[in-house]
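J.: Listed below are the residues making up each chain.
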Amino acid sequence: MVNEMGERVLVVDDDREIVKAIDILLKKEGYEVLKAYDGLQALDILSRESVRLVLIDVMMPKLDGLSAVMRIREKQNIPIIVLSAKSEETDKVLGLSMGADDYVAKPYNPQELAARVKSQLRRYTSLGDIHAGSRAGEIRNGRLLYNTEEKILYADGEPVRLTATETKIIDLFMRNPGRVFPAEEIYRRVWEEDNFVSENTVMVHIRRIREKVELNPKEPEYIKVVWGIGYKMEKQEKNS
Amino acid sequence: MDTKWKNRKKIVSFLIFFLGISLSLGSIAGLFRAKPYGIRIWQLNRLLEDDYQQSESFRAYVVNRLDNFLILATGGEGLWYTWGYDNNVYNGVYYDNGYSYDSVYRDYFEDYEYSYAGENVIEQEDVREDIRKGRNTGEAFSVPDQEKEQVKRLTDEQKREIAMRYHDSIKGDKNLLYTIAYDGEVLYSNADLLSENGTPVAPDGYNFLLYFDGEKVSIFKDGKEIDVYGDGYYYEDSDWYVPGYTNFQAGDDVKKAVVCIAAAKEPVLYAEGAYKEGGARQYGNDLYWMNVSLQEGRKEILKGFMGLGLGCILLLGVFLCRKSYLEATEGIARVQGKIWLECKILLFLGLFYAPILLGLRFGYGLWEEWAFYEYDYGLEEVFWLGDELAASIPPLFWIVLFWGLWLFFNDLRHNKKIWRCSLMAKLYRTFTAKNLRLPISKKMSRRNLIVFILTFAYGILMLGGSILAGIILRGEYALLVVLLLAAAGTVCFLILQYLAGAENMKAARDLETLSRRITQIRNGDYGAAYNGEREDETDNETGGKVKGQNAERFQPGDGLEDVMAQLEDIRHGMAMAVDEQMKSERMKVELIANVSHDIKTPLTSIISYVEILKQEEELPDHIKDYIKILDEKSQRLNNMVQDVFAVSKAASGELPMQMEELDFVKLLSQTMADMEEQIQNSDVTFRTELPNVPVMILADGQRLYRVFQNLFQNAIKHSLKGSRVYVTLRTENSLATASVKNTSLQELDKEKDFAERFTRGDQSRTDGGSGLGLSIAQSFTEACGGRFSWETDADLFVVKITFKIV
Numbered sequence: 446m447v448n449e450m451g452e453r454v455l456v457v458d459d460d461r462e463i464v465k466a467i468d469i470l471l472k473k474e475g476y477e478v479l480k481a482y483d484g485l486q487a488l489d490i491l492s493r494e495s496v497r498l499v500l501i502d503v504m505m506p507k508l509d510g511l512s513a514v515m516r517i518r519e520k521q522n523i524p525i526i527v528l529s530a531k532s533e534e535t536d537k538v539l540g541l542s543m544g545a546d547d548y549v550a551k552p553y554n555p556q557e558l559a560a561r562v563k564s565q566l567r568r569y570t571s572l573g574d575i576h577a578g579s580r581a582g583e584i585r586n587g588r589l590l591y592n593t594e595e596k597i598l599y600a601d602g603e604p605v606r607l608t609a610t611e612t613k614i615i616d617l618f619m620r621n622p623g624r625v626f627p628a629e630e631i632y633r634r635v636w637e638e639d640n641f642v643s644e645n646t647v648m649v650h651i652r653r654i655r656e657k658v659e660l661n662p663k664e665p666e667y668i669k670v671v672w673g674i675g676y677k678m679e680k681q682e683k684n685s
Numbered sequence: 010m011d012t013k014w015k016n017r018k019k020i021v022s023f024l025i026f027f028l029g030i031s032l033s034l035g036s037i038a039g040l041f042r043a044k045p046y047g048i049r050i051w052q053l054n055r056l057l058e059d060d061y062q063q064s065e066s067f068r069a070y071v072v073n074r075l076d077n078f079l080i081l082a083t084g085g086e087g088l089w090y091t092w093g094y095d096n097n098v099y100n101g102v103y104y105d106n107g108y109s110y111d112s113v114y115r116d117y118f119e120d121y122e123y124s125y126a127g128e129n130v131i132e133q134e135d136v137r138e139d140i141r142k143g144r145n146t147g148e149a150f151s152v153p154d155q156e157k158e159q160v161k162r163l164t165d166e167q168k169r170e171i172a173m174r175y176h177d178s179i180k181g182d183k184n185l186l187y188t189i190a191y192d193g194e195v196l197y198s199n200a201d202l203l204s205e206n207g208t209p210v211a212p213d214g215y216n217f218l219l220y221f222d223g224e225k226v227s228i229f230k231d232g233k234e235i236d237v238y239g240d241g242y243y244y245e246d247s248d249w250y251v252p253g254y255t256n257f258q259a260g261d262d263v264k265k266a267v268v269c270i271a272a273a274k275e276p277v278l279y280a281e282g283a284y285k286e287g288g289a290r291q292y293g294n295d296l297y298w299m300n301v302s303l304q305e306g307r308k309e310i311l312k313g314f315m316g317l318g319l320g321c322i323l324l325l326g327v328f329l330c331r332k333s334y335l336e337a338t339e340g341i342a343r344v345q346g347k348i349w350l351e352c353k354i355l356l357f358l359g360l361f362y363a364p365i366l367l368g369l370r371f372g373y374g375l376w377e378e379w380a381f382y383e384y385d386y387g388l389e390e391v392f393w394l395g396d397e398l399a400a401s402i403p404p405l406f407w408i409v410l411f412w413g414l415w416l417f418f419n420d421l422r423h424n425k426k427i428w429r430c431s432l433m434a435k436l437y438r439t440f441t442a443k444n445l446r447l448p449i450s451k452k453m454s455r456r457n458l459i460v461f462i463l464t465f466a467y468g469i470l471m472l473g474g475s476i477l478a479g480i481i482l483r484g485e486y487a488l489l490v491v492l493l494l495a496a497a498g499t500v501c502f503l504i505l506q507y508l509a510g511a512e513n514m515k516a517a518r519d520l521e522t523l524s525r526r527i528t529q530i531r532n533g534d535y536g537a538a539y540n541g542e543r544e545d546e547t548d549n550e551t552g553g554k555v556k557g558q559n560a561e562r563f564q565p566g567d568g569l570e571d572v573m574a575q576l577e578d579i580r581h582g583m584a585m586a587v588d589e590q591m592k593s594e595r596m597k598v599e600l601i602a603n604v605s606h607d608i609k610t611p612l613t614s615i616i617s618y619v620e621i622l623k624q625e626e627e628l629p630d631h632i633k634d635y636i637k638i639l640d641e642k643s644q645r646l647n648n649m650v651q652d653v654f655a656v657s658k659a660a661s662g663e664l665p666m667q668m669e670e671l672d673f674v675k676l677l678s679q680t681m682a683d684m685e686e687q688i689q690n691s692d693v694t695f696r697t698e699l700p701n702v703p704v705m706i707l708a709d710g711q712r713l714y715r716v717f718q719n720l721f722q723n724a725i726k727h728s729l730k731g732s733r734v735y736v737t738l739r740t741e742n743s744l745a746t747a748s749v750k751n752t753s754l755q756e757l758d759k760e761k762d763f764a765e766r767f768t769r770g771d772q773s774r775t776d777g778g779s780g781l782g783l784s785i786a787q788s789f790t791e792a793c794g795g796r797f798s799w800e801t802d803a804d805l806f807v808v809k810i811t812f813k814i815v
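First to last, the sequence lines map onto chains A and B.
For what it's worth, my numbering labels the leading residue of the first sequence as 446, then goes sequentially.
For what it's worth, my numbering labels the leading residue of the second sequence as 10, then goes sequentially.
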């Protein structure tokens, strides 16, 4: 599990124990970790060292996280993940609008945090691909990329192994991001049968795809249930 | 200052409009009144003609004279009608002409004359025709046979006598000079108009000269000859009805006659001092009076045109400041809006009745005349009647009629529903029970209405009876006084009845208001209601129409104001208590939010280090067990913090909601599909009974999903092993009710409120739940606008969630 590249990650939080815990967690994943305990310190380190990713808490003394994010953004275009004890949807939107790439609520699931760090780094590594724009037959949505000709889904640039049915569902979703599909329609178009049996059939597949695609299958960001109506692929605002 | 000026401007602009319209209308009506008969209003040159010799009347007069003179010259018989003839005796008359034959023929043609208005000018030849017809057929007029005989048997002596008398009666009127000669000998003359060589000569001051040489007529005016015959043929509308046309020859008997007539340029009044015959008297002086009336009429017409011009200028002025004028009309409409419709109708009808009264005064029915003419003679005569009408109705009437109509349309334009302000509407509003919904006030108002209608009808009957009796017993004054008293008494009774009825209705309304207010407070609306606004927010069914009335009626009514005031005190107290409660609720939410945030930070460390510990591989098994416990409990703590936060936010109404239309059936099946794994792994089975058709409701899908997730988790957790959980959705009317039934593992405490926060089926609090499941379900359901209820029946635990179907 050791990352050969030894990418440098900056962790910023005024709670030293949390920084230490993340340090241990990320080191295990093979990252090199730099630590800072307030916003100014973080900016200082960033001005000296080359860092590939920043994990930053919102509520900190001296310079708070969101202000720090804005100042980092002025100079550097590196992935930033915001950590916050506030879990409201509005806080999340605020964080992302300030220039953060991802938002993780405290208390976080350590596994998920690691997965998010990895995801962000992968997307930045495959930078060339992203900025080339979607080539013919390729549909991009956030960290997902779907090749309509090969019928292969890539998450953070890595192909996801899907069954034939799952691929068909993904095909439908990726081609129509944002559109809500009632279970009946998914059933008709994927199974190509008219007799819709039950919600469960569709739901089982949706759940399986989520487990393969989502960073936290319990709080999906891409494949969502629209309760009382159907299912949809959430269109991501940030496409880079 | 500014508004004062504005107001003044409004008043002035309207006054100008008033003057302009009145002046124009009055002038137009005056013009129609003053214009001579037979000339249309647009024939300006004829209207303003100031030379009487150019008028139709003058021509007819001269032609008539020529006719008579030719009769005199030839010694013909035609003069009989000019003189009148009664029992073989000729009655001398003061004047003769084609227009005033009435005094001459009064006896003969009474019927005919009385069917006409007095001073109508009727063409001479028409009269002549009518008379002849009457004589020939004997149908239209009854002329005694004896008289007919006598007329036929006029002797030459008599003829000469008639001629002499006629000559005597007109010769003094020097406005018209004449010389009548026959066969070279002058027979009658009041001036020598023929010169030595036989050519006509007019004296000074006489500018009109007519000369008949036995065949043709030549007319000189101001020394110039006038073209009399045109193309030589006589037409109906030819100016001169004189012999000499190709189709109107003079005839052989007048070949030797020469007639010369001269008319004065400016006629004067001639009188005669015939003291022997009974004192000074005036001659006919027809030309003088003709000229005077022409000049006067012309003055009237000029006045009319000037008035019309001035009126138009004023109206133009109004057009320039029409904004102020329009504002003024609005102001007038506002005043009008306050007057009862019935009064306005009466006034308006009075205006319409006025012309009928005026028409009657002219001796015969104008309207019948109109109908008759339209039927018999066609449009030309209707024109005539129009002239008649215009001439007979005073201009003031038209002005008043116009303003009546103007007021009516102004009212209609600005006060749209003009019937709103009327006695009937007021009665209706006073006695309607439309806004009353409570049985007690409805009953009161109905009883009141019946009493009112019956007594009112009784009163009206009494009043009508009194008036009728009064009319019948017109002469008997003693009885009349009694009847008058009875009528006055009845009127007083009616007024009293109305007042009492209105009071009763008010009491019913007050009662209704009071009752509604009580209901409102009971329903938990503690807002101040004195301004009436709050009530409308909750009282949507009655709609906006009641709004104003409610505000009005919330003023405590007579007699009930004490009760209302006391009720207000109660409301005030309750409102304060509720406010206090809300405040403390909000504080609680804030506290919880802060606390949960403060808990989250250390919890993050705990969870992180437990994770690190979990990854340690060289630990003894019992330590790994401890770590597992730590892991579970820290996760549970995490869940609890989140739930507490959510439930407190929902309870204080601060939860952001995304309401949308969704299918209740689908939501339930999706939730169960989502939890399929959990359900499969549990000891209970789910039985569902859902409709096949979509049941659309308005809710926040994410929140409602949490509701059923919690309900299903509760059911799985607290159900008896091997038992079934029933999930059903039923629709009834416009409501959809979903219910979740399960058989409890523990015995259910009947008294316990399960939805109360932290209440659990078992008191020990050892399982994984936060104890907030039902509480979250309840607060989320209510936040979505649904109704949450639960009930127990022995070990059966039922939760019902109801939404309105859209």
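I should point out that these hints are in silico values taken from the structure, not numbers from a laboratory.
Be careful, since some hints might not be right.
Simulated pairs of lysine-lysine, BS3-like, Cα-Cα distance not exceeding 25 Å [claimed, not checked]:
| no. | chain 1 | residue 1 | chain 2 | residue 2 |
| --- | --- | --- | --- | --- |
| 1 | A | Lys531 | B | Lys642 |
| 2 | B | Lys658 | A | Lys537 |
| 3 | A | Lys507 | A | Lys520 |
J.: Decide, hint by hint, whether the structure agrees.
T.: Structure-based check of each hint:
1. Lys531(A) / Lys642(B): 21 Å, holds
2. Lys658(B) / Lys537(A): The hint holds at about 18 Å.
3. Lys507(A) / Lys520(A): 20 Å, holds
Taken one by one, the earlier hints all hold for this structure without exception.
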